Amino acid sequence: MGIYTGDPAAAANLVQPNQVHRDVYINPDVYKLEMKHVFANAWVFVGHESQTPNKGDYFATQVGDQPVIQVRHKPDDIHVLYNRCPHKGTKIVIDRQGNTGKFFRCPYHAWSFKTDGCLLAIPLKKGYEGTGLEDTPSGKGMKAVGAVHNYRGFIFARLAEEGISFEEFFGDSLSSLDNMVDRSPEGRLEVVGPPLRYLHHCNWKMLVENQTDTCHPMVAHESSAGTAVKLYEELGLPEDAPKPPAMEIIAPFMSPYEFFEGMGIRTWPNGHGHTGVNHSIHSNYSAIPGYFEAMAETYGEEKAKAILDENRHNTVYFPNIMIKGPIQQLRNFIPLAADRTIVESYIYRLVGAPDELTARTAMYNRMINAPTSIVGHDDLEMYERAQEGLHVDGMEWVNIQRLLEEDEDFSEEAVLNGTTERQMRNQFDAWRKFMLYDQTAQQEAAE
Amino acid sequence: MSVSKDQLIDFIYDEARMLDEGRYTEWLALWLPDGHYWMPLDYKQADPINETSLLYEDMFMLKLRVERLNGARTFSQKPKSRCHHVIQRPFVDEMNGDTFVTNTSMHYVETRLDEQQLLALTARHDLALVDGALRIANKRVDILNCDAAFRNIQLLP
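So the protein lines, in turn, are chains R and L. With our numbering applied, the first sequence corresponds to residues -5 to 441, in that order. With our numbering applied, the second sequence corresponds to residues -14 to 142, in that order.
One thing to keep in mind: the hints can contain errors.
Unchecked claim - Straight-line alpha carbon distances no greater than 27 Å define the calculated BS3-like cross-link-like pairs of lysine-lysine that follow:
#1 65(L) with 224(R)
#2 137(R) with 82(R)
#3 63(L) with 224(R)
#4 85(R) with 134(R)
#5 68(R) with 108(R)
#6 49(R) with 26(R)
Stated by the list, open to error - Take a look, some chain R residues computed to stay more than 10 Å from chain L by CB distance:
#7 71
#8 87
#9 118
#10 142
#11 181
#12 305
Please keep in mind that the hints were generated in silico from the structure rather than gathered at the bench. Bear in mind the structure is a predicted one, so any value in this text is a computation, not a measurement. Ideal Cβ positions, reconstructed from N, Cα and C, are used throughout, including at glycine.
With the rest of the complex left out, here is chain L:
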């Protein structure tokens, strides 16, 4: 089976929609088990391990994050946050057999109570075709103003 550029682009759109609609079980199923979600703290940061990042989460942490959102005593989600992605058409930068790289510019809005924040960011997806399905091998999200002081970011761009 081969994957077309359009299928890769559709995958990115579908993922954004899952996050906006809070379909986290489906979203977690997109990931390969050893994938990491990385959100650097520094502009053009190269090392996720030996420097502080905003996020560098394995599947255990991502599951924990998602599970927590619905916890009975998750007070910072009473009431719940909502998010909204507006994405530019993804660039498909690499197509190497069963692995692919896309880069997507987006505006991410997160809101709770009377507060709303807008983040401009670029998401890089490393995708892989495994058993006939596209999966996320790794995802890197660079926030344009990564060095600014932020309020809570509780959901996921």
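In isolation and in its complexed conformation, chain R is listed as follows:
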């Protein structure tokens, strides 16, 4: 028994207004508690509907540490089921995606289930007659998660049966997802290819926090972005010569502190927030011929301009995804253990837009977020050094107080200087809230 075992209140006490205790990153019992409480009570990203376009299509992933299947049951009806046979526990599907036809069939004893999870058939069923199987959870079929919501093609799940509604959980933060989808002249995205999959030996929260850490790019990425700028200068190309694509993508990481201060950070309740309120490293990408015309055709020039003038950089959706609206990328920080995280980086095509936009998005993904990416190497090095450094005894707190204000109220939307660590504090405020969610609900029920 560890000191946190079964005690979410003890874990919640690891968060203070200006600092968090290292155990939120390195303690396996705190990790178990956050899987059980934070990931079960929050709305967590599952997948995109275009990953399962046809009836019977499925996609296997995780919500927190729980193996799940996203499956299309009917043309307009996507379900999220636990990936476990109710009989002996065998995973029903083991490949990452496929089509199961009209039903799932467990490969061990051939129990079969409709694509909404309902039990369809059991071989030699008379063996269960009079045993009361129908009254057990095993007799009901594959278990579904507590709730599922499809927001403009993005599938989210809440594991808990009861809890916060989708609308209350996300609130106005959905404007970032809206902007990403609105950038398609048809208002629709489609996933492109498989995601990059990158294994980190660090806690999932370090990766999420880094998404709004605007004081690291010019330092940690000097090796990649700084070298790119130096190489380009050495080439001595004329001003009007086309820049190497790497310059457009990587060089903005070397922008000075003032750029990131002016960029702004917005936080929303429940741990969501984004960098790039006023401008961002995506602001100065070259125009793609034909794109604005296609947008104006759908939305009219004024609205099309408003959609494209939004240059939000990274939007964090608590607990564990980040989206980049201007380049249609989504990164899923999937927790495996206190010190293990897989990052899956997806890209989407703007349906109805020129292919060049997809090409730029694919380029960004591989240049910045691949296990082979020099920018990725810079970041991973910092996370893993921190994961190891946090074991130092006698110095047990991690500081998050840049631009801390007195009595910060995270239940209110706020827009601040782009180098504030308020979004990190906002995430921990939500972490604490959902860690205590079951306990609070119990207390309220008792009153």
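Got chain R; can you put chain L on it based on the hints?
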């Protein structure tokens, strides 16, 4: 001047040795200016442009990658990674005048600190004879388990 099959095979061996010994200036000089180094993400991927790849790098990116390895503030290369290629005898699949295609199976090992990883892969080289010297026109590296989750791959197979 004509090129023999043996010369093509020797070229592939020499390239692997340059990478293992970190002779990157020489290695970059093997490339034609508009060449690309492609490492697909998907098994049998056909499109390097409109889908994500692990690498699809032009000469600017390859130079940047190599230059970065020796940077004073390249913290992920302190200490440096080392790599090691064990290659099977290359198949010479095409010999069309001044252009050639080889396919080479190899085991690639990369190590840093206490970690070592082994990748099984196939490298396809498009080679060209230019001004009497063999050069790399394009290189495609297919990793056998391209769909697995990887740790850092910092050097080049």
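Exercise. Hey, residue 68(R) versus residue 108(R), does the alpha-carbon distance stay inside 27 Å?
Worked result: Holds. Residue 68(R) to residue 108(R) sits at ~11 Å (cutoff 27 Å).
For this session: Decide if the proposed pair is consistent with the structure: residue 137(R) and residue 82(R), CA atoms, cutoff 27 Å inclusive.
Result: holds (13 Å)
Exercise. Taking C-beta pairs only, is residue 305(R) more than 10 Å away from all of chain L?
Worked result: Holds: least Cβ distance 22 Å, greater than 10 Å.
For this session: Given the hint that residue 85(R) pairs with residue 134(R), test it: the Cα-Cα distance must not exceed 27 Å.
Result: holds (17 Å)
Exercise. Taking the closest pair, is the beta carbon of residue 181(R) still more than 10 Å from chain L?
Worked result: holds (21 Å)
Problem set entry | Pair hint residue 65(L) and residue 224(R), alpha-carbon separation not exceeding 27 Å | Holds. Residue 65(L) to residue 224(R) sits at ~22 Å (cutoff 27 Å).
Exercise. Residue 118(R): least C-beta distance to chain L exceeds 10 Å?
Worked result: holds (38 Å)
Problem set entry | Straight-line alpha-carbon gap residue 63(L) to residue 224(R), limit 27 Å | Distance of about 21 Å is within 27 Å: holds.
Problem set entry | Given as non-interface: residue 142(R), which should sit over 10 Å from chain L by C-beta | holds (26 Å)
Exercise. Minimum Cβ separation between residue 71(R) and chain L greater than 10 Å?
Worked result: At roughly 29 Å from the nearest Cβ of chain L, residue 71(R) sits farther out than 10 Å, so the non-interface label holds.
Exercise. Does residue 26(R) lie within 27 Å of residue 49(R) when you go C-alpha to C-alpha?
Worked result: The hint is violated at about 35 Å.
Exercise. Does the claim that residue 87(R) lies outside the interface with chain L hold up, using a Cβ gap greater than 10 Å?
Worked result: It holds; residue 87(R) is separated from chain L by about 16 Å at its closest Cβ, greater than 10 Å.
In summary, the structure is inconsistent with hint 6 from the numbered list given earlier, while agreeing with all the others.
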